[in-house]
Amino acid sequence: MEGMKVSGDLVLVEGVDLPATGERLSRFLSGLAQTGVNMSLFIGGKTQEGTQFECCVAASDEGRVKALMHGNPELKTGVEFAAPVDLLTLFPHRFDLKILGLSLTALGRARIPLHGFCSSLSAITFITDHTDLEKASAALEGCFGLGAEPS
Amino acid sequence: MDDKKLILVVDDDPDLVEAISMKLASENYRVAKAYDGVQAWDKIKQERPHLIILDVMMPNKNGYQVCKELKNDPQYKNITVVLLTAVGEAVTSTNYTHMDGKTALADEFIPKPIDLDSLMEIVKDYTR
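As they're listed, the protein sequences go chains A and B. Those letters in the first sequence? Residues -17 to 133, by our numbering. Those letters in the second sequence? Residues 848 to 975, by our numbering.
There's no promise every hint is true.
Unchecked claim - Partial list, computed: chain A residues near chain B (C-beta under 7 angstroms): (1) Ser(-11); (2) Pro66; (3) Pro74.
Stated by the list, open to error - Keeping only pairs whose Cα atoms sit at most 30 angstroms apart, straight-line, the calculated DSSO-like set for lysine-lysine is: (4) B:Lys959 - B:Lys924; (5) B:Lys924 - B:Lys892; (6) B:Lys915 - A:Lys117; (7) B:Lys870 - B:Lys890; (8) A:Lys80 - B:Lys924; (9) B:Lys851 - B:Lys908; (10) B:Lys959 - A:Lys80.
To be clear, the hints were calculated from the coordinates, so they are not data collected in a lab. All C-beta atoms in this analysis are idealised placements derived from N, C-alpha and C, irrespective of residue type, glycine included.
All chains, full assembly: derive it from the sequences and hints.
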């Protein structure tokens, strides 16, 4: 493990699309695109019952996203804001599942609740409450002997 | 002695570093990786790469600074630098300027988002 990146000042938006028509998610995503709101992260999952998704947007975009939701009956229900969050990204994982286990153990021991996590080609990203940022960073730094590289 | 050419890839986006590294490895290059300008200098001194693929907008020390320092250092000025830049689009919303780019003395500029095949062609041209 060579580094940890912290992406802060974000808010988490959670949504469900039941049944899974894709309509709500589609409206939400096209609304973000039309209003020029970037997502720092998007996680989606589809089951037989429906689609669940969560995404992180800059806290400064919260007003624009809320306006989008209020202006669209499809999005008034089923899409909610959670507390302010940060993303802690560890890299590179080199496709080693042990890193995920060690990270979850370290965060669990420090009693850090997670909103979610995901992996990409090179990195594992954890979504934590903003209020837990220092504790979560310290737990992962301690686990892998890293320093945070805010950018 | 391994005769594969060593390429240093520097970007604060670990996924882009990985994607470029995988492509370079598949083209039979050795790869070193760094995730900011300070790490880049450490790798340059330790490993003396043949060519550096260097992002501009990075924490700690940006790509323009690294490139300028490198090209003004007699020990390292012959190392080829390919700058990856999205500054053209971001110039109105950041402190980066086109003048920084002109004075950085890079050998090549590649706009982001990058096309990996085009990047490989450039790398091959400079490492023949």
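Each hint, compared with the structure:
Of the supplied interface hints, the one on A:Ser(-11) is violated, with its beta-carbon coming no nearer than about 11 angstroms to a beta-carbon of chain B, more than 7 angstroms. The closest approach between the C-beta of A:Pro66 and any C-beta of chain B is roughly 22 angstroms, which is over the 7 angstroms cut-off, so the hint fails. Interface restraint check for A:Pro74: the shortest CB-CB distance to chain B comes to about 6 angstroms, inside 7 angstroms, so the restraint holds. With a C-alpha separation of about 25 angstroms, the suggested pairing of B:Lys959 with B:Lys924 holds against the 30 angstroms cut-off.
About 12 angstroms separates the Cα atoms of B:Lys924 and B:Lys892, which keeps this hinted pair within 30 angstroms; it holds. Under the criterion of a C-alpha separation no larger than 30 angstroms, the hint pairing B:Lys915 with A:Lys117 is inconsistent with the structure, at around 38 angstroms. Annotation: proposed proximity of B:Lys870 to B:Lys890 holds, straight-line Cα distance about 20 angstroms (limit 30 angstroms). With a CA separation close to 41 angstroms, the supplied pair A:Lys80 and B:Lys924 exceeds the 30 angstroms bound.
Straight-line distance between C-alpha atoms of B:Lys851 and B:Lys908 comes to about 29 angstroms, which keeps the hinted pair within the 30 angstroms bound. Among the hinted pairs, B:Lys959 with A:Lys80 is inconsistent with the structure: their alpha-carbon atoms are about 33 angstroms apart, more than 30 angstroms.
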